[in-house]
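Visitor: These are the residues of each chain, in order.
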Amino acid sequence: MEFCSNLLAGAFMVGGVFFMLVGSIGILRMPDFFTRAHAAGKIDTLGIMLFIAGMIVYEGLTLVSAKLALVSIFVALTSPVATHQMTRRALAYGLKPWVRPGDETAEAEEPHALGD
Amino acid sequence: MKSASTSPIIQVAIRGLMPVIQLVALYVFFHGHYSPGGGFQGGVLLAVSVMLGRLALGMDMSQVVFRTGIAVGLSALGVLIYASTGLAALLAGGEFLNYAFLPIPGLDPPGLRNLGILLIEAGVTVGVMMALIAIYDEIVDSRGEASATATPEPEARRMEDVRKPREKGVDPGPEGPERTPVAP
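Taken in sequence, the protein lines are chains A and B. Read in order, the letters of the first sequence are residues 380 to 495 in this note's numbering. Read in order, the letters of the second sequence are residues 10 to 193 in this note's numbering.
This is chain A alone, in the form it adopts within the complex (with noise of 0.2 angstroms):
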């Protein structure tokens, strides 16, 4: 029984693993700012919680599972929302999104203006 739980806790951890490798390579494969905040947001957001999703399943049910699947809702909430609130900012700064070379549609629409 412990060596199934631990099992399915390595499967998670790898699992957080890959998800961190691929944000990583996409922070520094993605041509532009937008792009590389949706790998770092999103991707790490993922891999964060799989990580803890396997501490909780290695924990047991404890207090400290109980903390850790808090810790694993905060996360949840608050990392898309930054990096929510960082494109909102360089957008608003006058950053333009990449477009793919040669698409004159996409380069001659104005990014939306933003203001906070």
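If you're looking for bench data, these hints aren't it; they were derived computationally from the structure. Errors might be hidden in some of the hints.
[Said to hold, decoys possible] Here are a few chain B residues that face chain A, going by a calculated C-beta distance under 8 angstroms:
(1) S16
(2) L26
(3) M27
(4) P28
(5) V88
[Unchecked claim] Label pairs and their computed distance ranges (CB to CB):
(6) A:L400 / B:H40: 31 to 37 angstroms
(7) A:C383 / B:T77: 54 to 60 angstroms
(8) A:H417 / B:I148: 29 to 35 angstroms
(9) B:I148 / A:S403: 21 to 27 angstroms
(10) A:V478 / B:R76: 46 to 52 angstroms
[As the list claims (entries may be wrong)] Quick partial rundown of chain A residues pointing at chain B, CB under 10 angstroms, derived from the structure:
(11) A432
(12) L449
(13) F453
(14) L456
(15) T457
(16) V460
(17) H463
(18) Q464
(19) R467
The C-beta atom is built at its ideal place from N, Cα and C for all residues, glycine as well.
We have chain A already, so just place chain B on it with the hints.
Guide: Chain B in isolation, oriented as in the chain A frame:
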């Protein structure tokens, strides 16, 4: 920074997070005896919850949570709690901050030390929280005066017209003129 965020996502998220952060701050403060944490960390968390409100809801709306101007006095109150705990021990015959000599009846020295550390931590919490909020408010005030000459801050940008989209080409925000837009 002085006006509210126009994004409903930010507003809802921060409004939901502020009480949770304050609750965590109380947990960190009271659990400082047994685990990492204590007065400074709890005070920083409390200050952060107020600052998040200032950032997301704007200066005007977040006055409901914490009024600008009372922070400096309350930070002095934190220092007063700290110093008076130490001086009470000093006057009762011990050294400065020797909690075992606190003049509180009905407690043995271990209980007195427990209570004394709690009082000290409370003083640190109040002091740190209020000092950080005072610094933040001061920075926002001075920045607002600096950019007020360049961009007149519209009075109407309160909660009522938060959902209204702004027309294109308007100033990029209160900090706009100080930074140049980044070229793509």
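Visitor: Of the hints given before, which are not true for this structure?
Guide: 3, 4, 5, 9, 11
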